[in-house]
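FYI, this note's numbering numbers position 12 of the sequence shown as 5, with every residue one higher than the one before it.
No lab work stands behind these hints, which were simulated from the structure alone.
Hints may be right or wrong, so weigh each one.
[Stated by the list, open to error] Calculated pairs, BS3-like style, for lysine-lysine (alpha carbon to alpha carbon, straight line, at most 25 Å): (1) 145 with 202; (2) 77 with 101; (3) 89 with 101.
[Said to hold, decoys possible] Computed spacing ranges between beta-carbons, pair by pair: (4) 222 with 42: 41 to 47 Å; (5) 55 with 154: 32 to 38 Å; (6) 188 with 213: 16 to 22 Å; (7) 51 with 104: 26 to 32 Å; (8) 31 with 125: 33 to 39 Å; (9) 101 with 51: 21 to 27 Å; (10) 56 with 212: 30 to 36 Å; (11) 197 with 173: 37 to 43 Å; (12) 59 with 192: 18 to 24 Å; (13) 222 with 191: 14 to 20 Å; (14) 42 with 65: 22 to 28 Å.
Ideal Cβ positions, reconstructed from N, Cα and C, are used throughout, including at glycine.
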Amino acid sequence: MSRIDKCFYKMYFHYENREMGSGEALIPGILGLAAAAGISRVLVFRRPRTAVIGAGDEVVAPGCRLDQGQLYASNIVTVEAWLKSFGVSHDCAIVKDDAEEIEKAGFKYLPCTDVFLTSGGAWGSERDLVVTVFRQLGWQEIFHRVRMGPGKGIAFGLWQGKPVFCLPGGPASNEVAFLQLVRPGILRMGGDHRHPLQTVSARLTEDVKRRNRAWTEFKEATLFQDPEGN
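Make the full structure from the sequences, and use the hints.
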């Protein structure tokens, strides 16, 4: 090995050991550096495949006719958009509040998905069937409800060895539960340990009070910049 090659390998492995730990993205420069070192194969995590199942007699897909008492499946659209923004492939289905339909949708996607996401039917009343169905199917329930608001109605378990996140139906609860609990889990399954969202510092313009000190609460806010740039 020539002196240049030795320096190159030293630089490569030094960079690899310090910068390229588990969960780091293989950016173009790193791939080119690996190729220049004669490395043709690397171990990577595959992006998880996700099945999104929306449950509710009142839920209608956007573009369809909306009858009295019905609403469009905005939660599903929001979740799909988030998954797409993180490069996660997904299938989607909207089913009635019917145990047989929910079970049928679960078995339909079981062979081809790595993680399940459901929307609605998670709270636990007689009309909230999703968690009940997975219990009847023998899932391993890890938790149901958390001290977090919005989003407290979320449930999580393992069914046939695959993670299942049951999100509440309220739009605010649905999105907060997804962003705070589901998103990190899915990205971690794909080997990504980085925080995917931008963090900024801001100054409050009014006091914020929480209802319960034992809970984690999330507040909606609007960011703006004053004329002084603050």
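Hint check results:
Proximity of residue 145 to residue 202 is assessed by CA-CA distance (about 18 Å); at most 25 Å being required, the pair is judged to hold. Proximity of residue 77 to residue 101 is assessed by CA-CA distance (about 22 Å); at most 25 Å being required, the pair is judged to hold. Proposed proximity of residue 89 and residue 101 is supported: the alpha carbons are some 15 Å apart, at most 25 Å. Against the hinted window of 41 to 47 Å, the Cβ-Cβ separation of residue 222 and residue 42 comes to about 44 Å, which satisfies the hint.
Checked against the hint of 32 to 38 Å, the C-beta distance between residue 55 and residue 154 comes to roughly 33 Å, which is consistent with it. A hinted range of 16 to 22 Å for the beta carbons of residue 188 and residue 213 is consistent with their spacing of about 20 Å. Between residue 51 and residue 104 the Cβ separation comes to about 30 Å, which falls inside the hinted range of 26 to 32 Å. Residue 31 and residue 125 have their C-beta atoms about 56 Å apart, which leaves the hinted 33 to 39 Å range violated.
Range check, residue 101 to residue 51: about 22 Å between beta-carbon atoms, so the 21 to 27 Å window is met. One distance hint, 30 to 36 Å for the beta-carbon pair residue 56 and residue 212, holds here, with the actual separation near 33 Å. Checking the proposed 37 to 43 Å range against residue 197 and residue 173 shows it is violated: the Cβ atoms sit about 20 Å from each other. The hint said 18 to 24 Å for the Cβ distance between residue 59 and residue 192, and at roughly 38 Å that hint is violated.
The hint said 14 to 20 Å for the Cβ distance between residue 222 and residue 191, and at roughly 18 Å that hint holds. Taking the beta carbon of each, residue 42 and residue 65 are about 25 Å apart, inside 22 to 28 Å as hinted.
The structure is inconsistent with the numbered hints 8, 11, 12, although it conforms to all the rest.
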